[in-house]
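K.L.:
Sequence:
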Amino acid sequence: MYQSSDRTRPDSNATNYVCGSDSLPTVSRDLLLHADPLTSLQSHSPFQMLMRRQTAPRGCPTSKKIVYTGVALDCTYITKHGSVQAARERALSNFLSVSNLFSKQFNMQIGVLDVVAFPQCNDTSSPAFNVPCSPAFDMGDRLSAFSQWRGTRQDGAGLWHLYTACSSGSTIGLAWLNMVCNSRAFSQAAADGSTEYVSGTGVTASPPSLPPDGEWLITAHEIGHNMGGRHDCTPNTDCSSGGSNLGCCSCAAAAGGACNACSTSFVMNPVTRVDSPQFSPCSANEICSRYGVLGTCFADPGTRPVVSISQCGNGIVEDGEQCDCGGRDGCANNACCNTNCTLKAGATCDDKSDECCRSCQIVSNSTRTMCRPSRGECDRPEFCDGTSKLCPKDEFAPNGNTCQLTGEGVVGNVTTGTCASGQCTTRDQQCILRSQVAGVNATDIDEIMGECPNLFTGQCKLFCRSNVFGCRPLSGSFLDGTPCGKSAIPDCVAPFLNP
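End of the sequence shown = 499 in full-length UniProt numbering, gap-free, step of one.
No lab work stands behind these hints: they were computed from the structure.
From a predicted model like this one, the values you see are computed outputs, not experimental measurements.
Check the hints yourself; a few may be wrong.
[Said to hold, decoys possible] Distance condition first, Cα-Cα at most 20 Å in a straight line; then the derived EDC-like pairs of lysine to aspartate or glutamate:
1) Lys389 with Glu318
2) Lys64 with Glu321
3) Lys80 with Asp123
Model the full structure from these sequences, guided by the hints.
P.N.:
Below you can see the structure in the form of structure tokens.
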């Protein structure tokens, strides 16, 4: 696991914020949990090649998907914005901008399930993260406490994000890398020997000097880390010798090439001056290549109600809107939807936003129009049903069905897997894909175990073996439907919880 300490302020008069993540120490015995997955792997590592082959072709979803998110506002953030209502509106406005960015570039929406506010700093009933700014309680402490609190909430959210006004020295953002869809908290040893908690969480700090419009870019940056994106390389980035083991996302044309700074400042640039409010090609590739492994909690939009600030013209169809083609520019060539978010005369749907809409009409089921293709043997294609403008719910083959691993999914000599959450997989494959350890190779698969039910209060955690560290836990859990492996309960299948 790698902790990203992101946007930081070089001095009190600076207008730009820079990143302090390079100064974060790692603990060698906890390298499985701390290390950047690409930084710790040599360019010739079989795991690195396996991850590239297995996930990159899949890329980001071909149809709109949504990750549901919780938002918390601490007392300092509420004080900065003057009231709970004002702070809530600012946070929702931030997430609207973040969701628009992810939707346009990745086909992913960020839907807010709940906004929880803690207006009183001295309330003894408040969670541990809701305290005044103090040098004795830095942003790492706040993120850890927030992660521990988040782990107690069984709400199905793939992420939780905290807003605070407390920067820590120069740090104004923190997030756990690769932790999207991890809804529970687990503990690990921090660099100073204390205990810290890890979950699918991030923190955006908004000190007095930060303009409100800067908040959403920090939030997008931190969620980018949650989804697997690293910082873009800059001229000041200290790349390792030879360029084969970069600590940043290089804009070099060839993968594994020399450290090459991006010519434009994108969202994952460690400096807050952003020339282009989008992800660089390199960071976009990192996020998309990890979606198949990390994005297990993404769902079809509309699966659950979301909280938002209704705004016609934002490209998202919200309550009270028949369609939303994205304002004057987005609606210029739209034959179905008006700029006021109503359907044009005779239209029953909008081709732009509705998967089962053609020429502004719901497609007939007699045409058997496929609206979501199969992603493999364990995933079924979906077809428009003739009554709804939306594609039916994504359906998978039953968990546990035997399936054949194809060339890019084969680990060692194992060619047979089982279906789990729509993917043909094995525990070995998941261990290798999520491993953070240098030196894992395909000959080690017989040593990779899953001891999940007896660890971490019975959760079906990834518990894998490497030549370097032996059996160790990795961040995250096995895909739902995966047999958990050796246990006192032979039929354990993820997710597993003690009653």
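K.L.:
Could you run down the list of hints and mark each one as holding or not?
P.N.:
These are the hints, each one checked on the structure:
Taking the CA atoms of Lys389 and Glu318, the gap is about 15 Å. The hint holds against a cut of 20 Å. Using a Cα cut-off of 20 Å, the hinted pair Lys64 and Glu321 holds, with the two alpha carbons roughly 18 Å apart. The suggested pairing of Lys80 with Asp123 holds, with an alpha-carbon distance near 18 Å, which does not exceed 20 Å.
When the structure is compared with the earlier hints, no violation turns up for any of them.
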